Amino acid sequence: MLNLLALLPERASKYAIDVDTVFLVVFWLSVIAFVLVVGVMLIFMFKYRARDNDERDGAYITHNNLVEITWTIVPAIGLFAIFFLSLETYRKIKYPERVSLKVNVTARQWGWKAEYPDGKKLITGTIKESGRVTTDDFQPILYVPAGEPVEVILTSQDVLHSFYVPDFRAKYDAIPGRYTKLWFQATEPGKYELFCAEYCGMWHSRMPALVVALKPKEWERFQKLDASTFNNSLASLTADSLLAILNLPEKEFAKFVGKQKEAMASLPLHKRGEMLYKNLCASCHTTDGSKSVGPTFKGLYGKMEKLKGGSTVKVDENYIRESILDPTAKIVAGYPPAMPPFQGQLSEEEIQALIEFIKTLK
Amino acid sequence: MIEATKVEKGEARPYETYLDKKGLMSWLFTLDHKRIGLMYLTISMIFFLVGGLFALIFRTELMFPGKQFLSPYAHNVLFTLHGALLIFMVIIPMIPAGFGNFFLPIMVGAKDVAFPRLNLMSVWLFAIGGILLLLSLLFGPIDTGWTFYTPYSASKGLNVFIVSLAVFILGMSSILTGLNFIVTTHKLRAKGMTWGRLPLFVWALYATSIVQLIATPVLGITLLLLGLENILKIGFFDPRLGGDPVLFQHLFWFYSHPAVYLMILPAFGVVSEVVSIHSRKHIFGYWFIAASSLAIALIGFIVWGHHMFTAGMSPTADILFSFLTFFVAVPTAVKIFNWVATMYKGKIRFTAPMLYIFAFLFIFLVGGLTGLFLASVGTDIHLHDTYFVVAHFHFTMVGAAVFAIFAAFFHWLPKMFGKMYNEKWAKIGWFLNFVGFNLTFIPQFIMGSMGMPRRYWDYPVEFWPYHFVSTIGAFMIATGVLISVGVILHAILKGKKAPDNPWGGMSLEWQTPSPPPTENFLKEPVVTHGPYDFGKKEGH
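Those protein sequence lines, which keep their order, are chains L and W. In terms of this note's numbering, the first sequence is numbered consecutively and its last residue is 362. In terms of this note's numbering, the second sequence is numbered consecutively and its last residue is 540.
Since the hints were derived computationally from the structure, they do not count as laboratory data. Don't take every hint at face value.
Heads up, simulated EDC-like pairs for lysine to aspartate or glutamate below, C-alpha to C-alpha not over 16 Å straight-line [claimed, not checked]: (1) L:K217 <-> L:E148; (2) W:K111 <-> W:E16; (3) W:K523 <-> W:D20; (4) L:K102 <-> L:D118; (5) W:K345 <-> L:E55; (6) W:K536 <-> L:D57; (7) L:K92 <-> L:E148; (8) W:K345 <-> L:E148; (9) W:K537 <-> L:D57; (10) L:K92 <-> L:E115; (11) W:K345 <-> L:D57; (12) W:K67 <-> L:E305; (13) W:K536 <-> L:E148.
Derived list of chain L stretches under chain W, where covered just means 3 residues or more per stretch with a C-beta under 8 Å from a C-beta of chain W [to be verified]: (14) 19-26; (15) 37-43; (16) 72-84; (17) 110-121; (18) 204-213; (19) 341-347.
For clarity, every value in this text was computed on a predicted model and none was experimentally measured. Glycine residues also receive a C-beta, built at the ideal position from the N, C-alpha and C atoms.
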C-alpha cells in the first residue's frame with residue numbers, strides 16, 4: 001500500500017517512513033472523499049439534467065439539519081484524526097533520541113559551508129553553467145555516517161535559505177542572526193541531493209549540494225583524515241573520488257594519508273592558495289584576464305584599481321585581505337557589490353595562501 | 001416585485017440605463033456603483049492578461065532544463081510580478097470590488113452603495129496603486145517574490161519602497177470598499193429584504209468585508225515598515241541592524257492568510273448564486289452556507305502560522321497552528337456538500353456559468369484536500385516551499401477564484417450589458433481552461449512530492465517531464481483565456497439582445513431590466529420572497 005505511489009522520493013532517513021505514512025493516509029482519505037463528492041456530483045448532473053424545453057423548477061427542498069450536522073461532524077472527526085496522527089510524526093522529526101554527530105552548516109548567497117567539530121570544513125559554490133544540471137554536478141557538502149543520528153545546526157550569513165534533503169524528508173530554514181536545527185538519520189549509504197528551499201535571490205536554484213552517507217568503515221576512515229589536510233585538498237574532491245579514497249585497501253589508504261600530510265607540509269603557500277581559489281573564488285573571478293562577476297585576478301597584484309566613487313587604490317596585501325573579509329568596503333568601479341564577506345570563514349594562513357596565489361598571476 | 005420592461009429590437013428603451021451617458025469624464029467622476037464596478041473589472045482584466053502573460057513566459061523558460069532564454073534575474077522578476085499583480089490587482093479585488101460593486105446594491109434593493117463618493121475614491125486609489133506598481137518597473141523591477149521576505153527584500157532600496165507604497169494604497173482602496181459594503185448591507189436593504197432573504201453572494205461579500213476591514217491595516221503597517229526599512233535602514237527586520245526576519249513573516253501572514261479568504265469567499269458567493277439558479281433549485285442549507293462564510297472569515301485570522309512550520313517557530317506554535325488549520329477545513333467542507341446537495345432533484349441547465357461551477361467544485365475539492373497535506377505539520381515539513389505548495393494554491397486561488405470569475409462573467413453579463421454571449425465558444429473556452437488547468441498543475445503536485453523546490457529558475461533533469469507537461473498545460477490555459485475574453489468582448493460589442501431574466505433567477509438583480517437603469521430599479525422594490533424560492537408552491 002505504501003509503495004503504490006511513485007509520488008514520493010526515495011525513503012532514506014529514519015523518519016521518512018513516518019512522514020510517508022501520514023502522506024499516504026491523507027492521500028487515500030482524500031481519494032475517498034474526492035470520489036464520493038465528485039461521484040455524487042456526476043450522478044446528480046446526469047440524473048437531474050434539464051431536458052430540452054423543460055422550463056420547470058426543481059423540487060422545493062431547502063435544508064435538512066440532521067444531514068448538515070452529520071456532514072459537519074464526520075469530516076471534523078476525520079480531520080482531527082489526521083492531526084493527531086501527524087503529531088506523532090512531528091515529534092519524531094523534531095526530537096532525536098540521541099545525536100552522534102553535530103555539524104554546523106552556514107548558508108550564503110549562493111552556497112553552503114559545513115564545519116565539523118574536529119575542524120573539517122566543506123564549502124560549496126554556485127553552479128552557473130547555462131546547460132543542464134544533473135546530480136553529478138553537485139559538490140559534496142556533508143559526509144555523515146549512515147545509521148547514526150546527525151544534527152545540523154543552521155544559520156545564514158546573509159538572507160533566508162532553507163536546508164532541504166527530499167530523500168530524508170528533512171527541511172528547515174537557515175536564518176541570519178540565529179541558530180535553527182534539524183536532525184536526520186540516513187538509513188542507507190549513498191548520495192542525497194540537498195536543495196535550498198527558501199527563495200534567496202538570483203542563483204537560488206543553483207546552490208544544490210550533496211549529502212553523502214558513509215558506510216561504517218568509510219566513516220571510520222573519514223574521521224581519521226587530518227582536518228587541515230582534508231580542508232586543503234580532499235574537501236574539493238567530488239564525492240565519488242573521496243569515496244574511492246575511503247575504500248582503498250588498508251595499506252594503500254595508510255600510505256595515501258601519509259603522503260597527503262607530507263605533500264601538504266611541503267606544498268608551497270601559493271599552491272594551497274590555488275586550491276582555495278578553485279573552491280571559493282573561481283565562479284566569479286577569472287585568472288585569464290577576462291571579465292566575470294568580479295574583476296580578474298590576472299595582473300591584479302600591484303595594479304592601481306579605480307574604485308566606485310572615483311578614488312583609486314593600489315592593490316597590495318592589505319587591500320586584498322580587506323576585500324576578502326569585507327568586500328563592500330572598496331568596490332572596483334564597474335562591478336556590482338555582489339561578493340559575500342568571508343570574515344570568520346578563512347584562517348589567516350588561508351588568506352595568505354590566496355594572496356600568494358594572486359601574486360603569481362602576472 | 002417589479003415588472004420587467006420588455007424592449008423589442010430597434011425600439012428605444014423607455015428609461016435611461018447606467019451606460020447611456022457618454023464621455024470619459026462621465027466615467028472618471030461617476031458616483032454610480034455599476035460604472036465603478038465596471039472600471040474595477042476592466043482594470044483587473046488588463047492586469048489578469050498581463051500577469052498571465054508573465055507566467056507563460058517563465059513557464060516557457062522552464063519547459064526544458066538549463067537556460068533557454070531568460071536570465072535567472074529575469075525569471076525571478078517575472079514570477080514576482082506574476083504573483084504580485086495577480087494577487088493584488090486581480091484575485092483580491094475582481095469579484096468583491098468588480099462584481100460586488102455592481103451587484104451588491106442591486107441585490108439588497110438599494111439605489112447605490114452607502115458612500116458613493118468613498119466608492120469613487122476606492123477605484124481611484126486602486127488605479128493609482130496599479131499605476132505605481134507598473135512605474136516601479138522603471139526603478140528596477142523587484143525580484144523579491146510577492147511575499148517580500150526579509151532580509152532579502154530589506155536591502156533593495158527605492159524599488160521595494162515604491163512597490164510597498166503601491167500595495168499600501170491598494171490596501172486603502174480595499175478597506176474603503178469593505179466599509180462601504182458593510183454599511184450598505186446594514187442600512188440600505190429594500191423593504192422586505194430581511195437578513196434571511198439576502199442572496200448568499202451578499203453574505204459572502206459581508207464576510208469578505210469584515211476581513212478587509214480588520215486584516216488589511218496590518219498589511220499596510222507591515223509594508224510601511226518594510227518600505228521605511230529600505231530607505232532609512234531602521235532595523236525592524238534586518239538582523240544586521242538588530243531586526244528579526246521572522247517577525248516580518250508573522251506580520252505578513254497575519255494579513256496574507258486572511259487574504260486568501262478575501263480571494264475565495266467572494267468566489268464562494270458566486271458559486272452559491274450560480275449553482276442554485278442554474279439548477280432551478282433552492283440553495284441547500286442557506287443558513288449553514290451563510291454561517292460558514294462568517295466562520296471561515298473569523299477562523300481564517302488565527303491560522304497564519306501554518307506558512308511558517310519550517311521558519312523557526314516554537315513547537316507549541318507549530319502544533320497550535322496545525323490544529324487551527326484543520327479547524328478551518330470544516331466550514332469549507334460544509335459549503336461543498338451544500339452546493340452538491342443543491343443539485344439534488346434540481347433541473348440542471350448545462351450553461352457556460354454552470355460548467356464553470358462544476359469545474360470549480362472539482363478543482364476546489366482537490367485544492368482543499370491537498371491543503372490537508374500542508375496543514376498536517378508532519379507532512380508539511382517535507383512539502384513546504386516545493387511545487388506541491390505552488391500547485392495547491394493555484395488549485396484554490398486560480399482554479400477556484402478565476403473559474404468563479406468566469407462563471408460570474410457569463411452568469412451576469414446578460415444583466416450588465418443586456419447582451420447574450422456565444423454559448424458554444426464560451427464552452428470551448430471552458431473546456432480548454434479546465435483541461436489546461438489540470439494539465440498545468442497536477443504534474444506540479446507530483447514533482448513537489450518528489451522534492452522540486454519552488455521559485456527555481458532551473459532544475460535537475462529528473463524533474464523535466466513534469467515541467468514539460470506543465471508548460472503545455474499553460475499554453476492551453478492561455479488559449480482558453482483568450483477565447484473566453486474574446487467571447488466576453490464579442491458579447492458586449494456585438495452580442496444578441498438578452499432577455500431581462502435569461503436564467504429565471506429570483507433575486508432582485510433579475511427583476512430589473514437589462515442593462516439596469518441608472519438608479520437600479522424603475523420602481524422602489526419590495527421583497528416578498530427569498531432569493532432561491534424555486535419550485536415553491538402555495539402553502540409551503
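State whether the coverage of the segment 341-347 of chain L by chain W holds or is violated, taking the criterion as 3 or more residues with Cβ-Cβ distances under 8 Å. violated (count 0)
For the pair we were handed, K102 of chain L and D118 of chain L, check the Cα-Cα distance against 16 Å. Holds, at roughly 11 Å.
Taken at face value, is the distance from the CA of D57 of chain L to the CA of K345 of chain W at most 16 Å? holds (9 Å)
Hey, K92 of chain L versus E148 of chain L, does the alpha-carbon distance stay inside 16 Å? Holds - the C-alpha atoms of E148 of chain L and K92 of chain L are around 15 Å apart, at most 16 Å.
Would you mind confirming whether the straight-line C-alpha gap from K536 of chain W to D57 of chain L stays at or under 16 Å? Holds, at about 9 Å.
Given the hinted pair K217 of chain L and E148 of chain L, is their alpha-carbon gap at most 16 Å? holds (13 Å)
Verdict on chain W covering the segment 72-84 of chain L, criterion of 3 CB contacts below 8 Å: It holds: at least three residues are needed, and the segment 72-84 of chain L offers 7 whose Cβ sits within less than 8 Å of chain W.
Has the given pair, K536 of chain W with E148 of chain L, been kept, meaning a C-alpha gap of at most 16 Å? Given pair K536 of chain W, E148 of chain L is violated - Cα atoms ~71 Å apart, limit 16 Å.
Coverage criterion applied to the segment 204-213 of chain L (partner chain W; beta-carbon cut 8 Å; 3 residues): holds (count 4)
With a cut-off of 16 Å on the C-alpha distance, tell me whether K111 of chain W and E16 of chain W pass. Holds, because 14 Å separates the two Cα atoms, which is no more than 16 Å.
Do three or more residues from the segment 110-121 of chain L put their C-beta atoms closer than 8 Å to C-beta atoms of chain W? Since 0 is below three, the answer is violated.
If you count the residues of the segment 19-26 of chain L with a beta-carbon closer than 8 Å to a beta-carbon of chain W, do you get 3 or more? holds (count 4)
In the structure shown, a violation is registered for the earlier hints numbered 3, 8, 10, 12, 13, 17, 19, in ascending order.
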